[in-house]
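Visitor: Sequence:
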Amino acid sequence: MPPPSSSPEASNEVSGASAIPKKQRVSACEGVFGKRSQRPSGASSDTRATRLETRCNAEVYRYLEDVEETSFDIDPLDWWRNNGRSYPNLAPLARQWLACVTTSVPS
Numbered sequence: 009m010p011p012p013s014s015s016p017e018a019s020n021e022v023s024g025a026s027a028i029p030k031k032q033r034v035s036a037c038e039g040v041f042g043k044r045s046q047r048p049s050g051a052s053s054d055t056r057a058t059r060l061e062t063r064c065n066a067e068v069y070r071y072l073e074d075v076e077e078t079s080f081d082i083d084p085l086d087w088w089r090n091n092g093r094s095y096p097n098l099a100p101l102a103r104q105w106l107a108c109v110t111t112s113v114p115s
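Counting in the working numbering, the sequence shown runs from 9 upward without gaps.
If you are wondering where the hints come from, they were derived from the structure by calculation, not from laboratory data.
The beta-carbon is built from N, C-alpha and C at its ideal position, and this holds for glycine as well.
A few of these clues could be false.
What the hints assert, rightly or not - Label-pair distances were calculated between CB atoms; the ranges are:
no. : residue 1 : residue 2 : range
1   : Ser-112   : Asn-65    : 34 to 40 angstroms
2   : Ser-112   : Ala-66    : 34 to 40 angstroms
3   : Asp-74    : Ser-112   : 28 to 34 angstroms
4   : Asp-54    : Arg-103   : 26 to 32 angstroms
5   : Asp-81    : Thr-58    : 38 to 44 angstroms
6   : Leu-60    : Gly-92    : 18 to 24 angstroms
7   : Arg-89    : Leu-60    : 23 to 29 angstroms
8   : Arg-89    : Arg-63    : 21 to 27 angstroms
9   : Val-113   : Asp-54    : 45 to 51 angstroms
10  : Arg-59    : Arg-103   : 20 to 26 angstroms
11  : Leu-60    : Thr-111   : 34 to 40 angstroms
12  : Thr-58    : Leu-85    : 32 to 38 angstroms
13  : Arg-103   : Asp-81    : 18 to 24 angstroms
14  : Pro-84    : Thr-55    : 32 to 38 angstroms
Modelling step: build the complete structure from the supplied sequences, incorporating the hints.
Guide: As structure tokens, then:
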């Protein structure tokens, strides 16, 4: 009888552990907005994705600069109502997260 470490089941466990895929890098926009539907392959889709990522990054940086100048006593809902058109990609996220009902009771 062969030792337990040389059994086919033990070798499968070892090879299965090394077959775990590495975590893929996620762009900033993809992390925020989630995965989009399958993009068509080709240079035009890469250019389009690069432009979208550039626009998203610029929008986030512009938002961060604007928020630094805003006082803390302003109502966030009012701020987004007045400024949401300037941030077409961030405004839907603000609407989603600011509309969350908070509770201390476990669901």
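Visitor: Taking the hints in turn, state whether each one holds.
Guide: To see whether the hints hold, each was checked on the structure:
no.	hint	result
1	Ser-112 x Asn-65: 34 to 40 angstroms	36 angstroms, holds
2	Ser-112 x Ala-66: 34 to 40 angstroms	38 angstroms, holds
3	Asp-74 x Ser-112: 28 to 34 angstroms	32 angstroms, holds
4	Asp-54 x Arg-103: 26 to 32 angstroms	30 angstroms, holds
5	Asp-81 x Thr-58: 38 to 44 angstroms	39 angstroms, holds
6	Leu-60 x Gly-92: 18 to 24 angstroms	19 angstroms, holds
7	Arg-89 x Leu-60: 23 to 29 angstroms	25 angstroms, holds
8	Arg-89 x Arg-63: 21 to 27 angstroms	22 angstroms, holds
9	Val-113 x Asp-54: 45 to 51 angstroms	47 angstroms, holds
10	Arg-59 x Arg-103: 20 to 26 angstroms	24 angstroms, holds
11	Leu-60 x Thr-111: 34 to 40 angstroms	36 angstroms, holds
12	Thr-58 x Leu-85: 32 to 38 angstroms	34 angstroms, holds
13	Arg-103 x Asp-81: 18 to 24 angstroms	22 angstroms, holds
14	Pro-84 x Thr-55: 32 to 38 angstroms	35 angstroms, holds
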